[in-house]
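Engineer: Since the structure of chain W is provided, determine the placement of chains G, U and H on it from the hints.
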Amino acid sequence: MAKNHVTTTINGEPVEFLCETQQTLLDVLRDELQLTGSKEGCASGDCGACSVMVDDRVVCSCLVMGVEAEGKSIETIEGMADGDQLHPLQQKFLENAALQCGICTPGFLVAAKALLEKNPDPTETEVRYWLAGNLCRCTGYDKIIRSVLEVAEEAKGA
Amino acid sequence: MTDVVLSREIARQYTDGETRIVVEGGTMRAIVRQLDEKYPGLKGVLSEGMAVAIDGTIFQDFFLEEVGPDAEVCFLPAIEGG
Amino acid sequence: MDGDTNGYRWIGTRTIRPDGVDKVTGRAAFGADFSLPGMLVGKILRSPHAHARIRGINTKKAEVLAGVKAVVTSADFPEILPAEATKGSSPPNYRHLSQNLMAREKVLYDGHAVAAVAATNAAIATEALSLIEVEYEVLPHVTGVLEAMAEDAPILHDDLFTGGVDPKPGKPSNVAKRVEFAIGDTDAGFESADLIVERHYDTEGIHQGYIEPHAVVASMAADGQANIWCSSQGHFMVRQYCAGLLNMNIGDIKVTPAEIGGGFGGKTTVYLEPVALLLSKKSGLPIKMVMTRDEVFRGTGPTSGSYMTIKVGAKQDGTITAAEADLRFFAGAFPGAPVHLGCMCGFTPYDIENVKAVGYDVVTNRPKAISYRAPGAPIAAFGIESAIDELAKKLNIDPLALREKNAAKQGTRTAYGPTLGVVGFEETLEAAKNHPQMSEPLGANQGRGIASGYWFNVGGESSASVSVNEDGTITVTSGAPDIGGSRASLCIMAAEIFGINIDQVRAVIGDTTATAFNRHTGGSRVTFALGAVVIEAAEDCILQLRECAAKTWDIDIDAVEWENGEARPAGDNAGKFEPLTLPEIAEKTPMTGGPISAKKSSNVQGPGPAFGTHICDVEVDCETGHVKILRYTAIQDAGRAIHPGYVEGQMQGGVVQGIGWALNEEYIYGEDGKLQNPGFLDYRIPVASDLPMIDTVIVEIPNPTHPFGVRGVGEIPIIPPMAAVANAIENAVGLRLTSLPMSPPKVLAALDNGD
Amino acid sequence: MNGMRYEAPSSVDEASALLAGASGKARVLAGGTDLLVQLRAGMVAPELVVDVKNIEEMTTYSVNDGAYTIGAAVPSAELHEDADLLGMWTGVIEAMDLVGSTQIQGRASLGGNLCNASPAADSVPAMIAASAICTVAGPNGRRDVPVEDICTGPGQTSLANGEIVVTIKLPKQASRTGDAYLRFIPRTEMDIAVVGAGVCLTLDEGGTCTDARVSLGAVAPTALLVKECADALIGTKVDEAAMANLDAAARAAASPIDDKRGTVEFRTKVSGVLARRAAAIALERAGS
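Taken in sequence, the protein lines are chains W, G, U and H. Sequential numbering from 14 applies to the first sequence in the working numbering. Sequential numbering from 348 applies to the second sequence in the working numbering. Sequential numbering from 14 applies to the third sequence in the working numbering. Sequential numbering from 394 applies to the fourth sequence in the working numbering.
Same shape as in the complex, but just chain W (with noise of 0.2 Å):
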């Protein structure tokens, strides 16, 4: 039959893509439209590697069907940065090492910029449980959790 046609805006640039129902954002973003920062780690919503921003709500795009996102604004980890302006986010997990494999990180930054935005002074407590959807094997947490904690307090004094 025949596929879906789908007129979107992702990270900001109106985009139109074909896809079949059961091709799943995720899918669209990598396989069609070769957004491949988004990682699949498990396809279940268990692991939050794949985690994209859906009309300013963050959500597991291997959750979410590419015909779904019909006029909606997505944004993705490549739309994350200004140009060669990074953000804090992006900046401050350099800097503390807050990644070693990196393959969860992409999902970790989206999420956690999702957070400062609804949330700009979070506690620890509220961190770690807002992220709690987000696995990292590497680390155990800790570098991200101070990152984000880090991230906010500097954004009170600028």
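Just so you know, the hints here were simulated from the structure itself, not pulled from any lab data. Any given hint could be a false lead.
[Unchecked claim] Calculated lysine-lysine pairs in the BS3-like style (CA-CA distance at most 30 Å, straight line): (1) K653(H) / K16(W); (2) K85(W) / K418(H); (3) K641(U) / K653(H); (4) K385(G) / K100(U); (5) K653(H) / K85(W); (6) K653(H) / K687(U); (7) K653(H) / K169(W).
In this text, all values refer to a predicted model and were calculated from it rather than measured experimentally.
Structural biologist: For chains G, U and H alone, kept in the frame of chain W given last:
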């Protein structure tokens, strides 16, 4: 003179239970040759999947290592990591 | 620790990793991020049975499905006879590896691969799998280690006879081998003991849990030359294994490493690559294969589970007089449990005259076990460090004091033979004693546990090249995948040697044509071993740079010294010359003998063994059995921390993996031998909200065999946590838990039964 | 799975017509956090997916004289951000907020959590305790159904072909009423409830419990509404003795199974513990 220490398993099978054997020093290759002369067949086991510790320092690739006088050589299984 | 960098400019600083920006912007290409034009999708059909004989496989219907380009089964793989199983002296056993890739006569576990297809898209490939007809004769299965050792156990391999016992057994067994390590006379040692503790302990199989599923793109040309792009812990290993499995020339295979999304030992072998090569050969097109999470759990190697008996005897004053361990590890479908490593590491933290450790490597109907961080050592340490804690309690001696009294030091003889060189165990105990956590008050149902651990660390074959570029910048090319920031540490070491700014040095991981052979990344070897080779190559380059300066000044090279990134005349009688900086010399190379570079390869020896000591505080909910980690401190001898940030990261990550192992992670098999929790929902790795910050203390007792004193750091942190948590629970509620994971139902049952 | 059709109607009638027309081979897509997992695992292979998120009635909520009417597909995060709603039906909103991660919260809905009909669904015992009522629309018009009558077994509902849950009504609370939901999971997040307990109770001026509803999750094929638990509280000051009776009643009512998530013994004991702890929280909320 060099002290060679073998595991009890190897000793049981090749050296009538002798776990401590004194040989002339030299390279590990020479030491293994001496051991094999004393206990035929020993060279085979000592060359497959084994490492040595020379005075406590572990060498996984040891045949060319020089062993100083009065050194102690221990044979142990090669070590793989994660 | 950052305050004092021991007079170094870069060693011990927290520089930004060269591959960092790509990884925070989503640009870094991992295994599944690569594609080729005209690429097909490959998928694997897996066994639904734990143990069954394959009566026949009919692939006809799949082959004729529109869009299907190739189907392979074990018949397409060269059969590797027992005589050809091992090539050279080192693992793997290619016969077993081949049978694990694609089942031949029998499937040996739920998830064992039986066939593979390549099709124009994923949906067709999936449909094709459903059209492959496999006729199974289901056989009785066994997943538990004790059950597998029983007289009447179903036998997995008719040609497997127990090794290491004499007389040689006459009938096949699931026990692949028995190993023994011993010093002194334990019977006499226990005779002279005032107190003896003895208990059984058991642990379940657990998975490394890397977030990136295995992925590969492979392309094989008609002339047999092949290209592979994949994420692994060793692209040279992938090349070697593929050649060995498919009878190819190593020189005909080029493997390009992708960024690797975690390995922890689990990516030290091949699962997809040889299959993708065969599918590519058959179809004449490139193949992409990416595992699902379900396949990762069912089809790739977890670590062993175990049944252990630990016995330790001591004098009233705490002197340990004898220790015995009987370790039974299951290896999964093929031999190779790391039980010998458990036997070797277990009692090494202690100076004990009489030690005996016996190990059994046992096959079971589970995926073949593969390395997981300090293979074998964490399992043994759970039992042994629990026993040491119980001993301390019964002797009414502080557990830390008991460890100090018996601590291994330079000259201590280990159970596996050698005496220890320069080691820092006592220093980790001292640091623990002085750590503020030790004096934090504990509330009701809260407890504190201590545990230590030992790992040899590993060196091995390492190759790298260092090039001085035309503008004086430095390129370091190494051949061991960077799984935790090793490019950053290689840059730091090179910058330190050259005496130049860190941003003038870039490190890359070369493909299999860029450097000579490298042993895979593992055993905590890369910063140590690759570091040593890079340092050697950098020093060679400096020699050449001094030569260029000597030629430029027309003086003898011995009259040229190298300092802070520039060549200078050595003293006044060498002549009066303005120093030449690295860029200035690089510019002149066309006139002074051409480009400057150095390639070095060696089998790096003498890795510094190391110890760690952990402190864990927990709170137990006595109505639900839920255990909360309140505080945790990991202390470790790193020799020298090249990049403290990544050393801490290794420690924190290892600790948290250990906490998962301690509390919730386990392979759950049903009566039918099927894995019941092949996903991150029910295979419960720790999440951020489960944990406190993980405090770290880096002790630095330099490794005498490394120019900067580096010791491996990656594996030790996962060794103590399970016992540290168990000891903390005992301290909190007075119950000695002996079975991992210490999940709420087990803890609650223990609380209710008071055992 | 190939050729699965997608429709996103803008009215309930269209949606129910589409579902009725597909004779059981259709699935409703709300947040998709269960459906997409089932699709990926091949557990379901519908011919038609009906996305209800273009239906305003199902994606908005309103409050009328203290009673909330919540579209079945409103994402949990949106409800949790409403301080008034969270303040009144704290237990229900917190229960829904426990479902999955932040990412799941951006999609998962009360209606989806209910109609997925998992015995362990977190929001269901809380809604049952809160006397929530579903409005169900179908080919034969609309009917109101108490939440406890929707699920009939694991993955099974009482919805007829073509019927969908449109809204969920949380009634106006009597004064001095509080509700709470607690679940037990091995970790602190991301797990399926091993046991869940929802309690809603009302006190008189004197602090005596005049009304109570207690519901248990994950200890039977569907969430249980346990009258004996309510009886243990009603007429008491919810003192220790009442709590002990509640604990015993909950344990008696639980008829769990052994599975990979917990044992019969564990679930039975913990159902009593959680009922007690949830009641204590509900009591405090009713008092304040």
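Engineer: Please write out, lowest number first, the hints stated earlier that are contradicted by the structure.
Structural biologist: Result: hints 1, 5 and 7 break, sorted rising.
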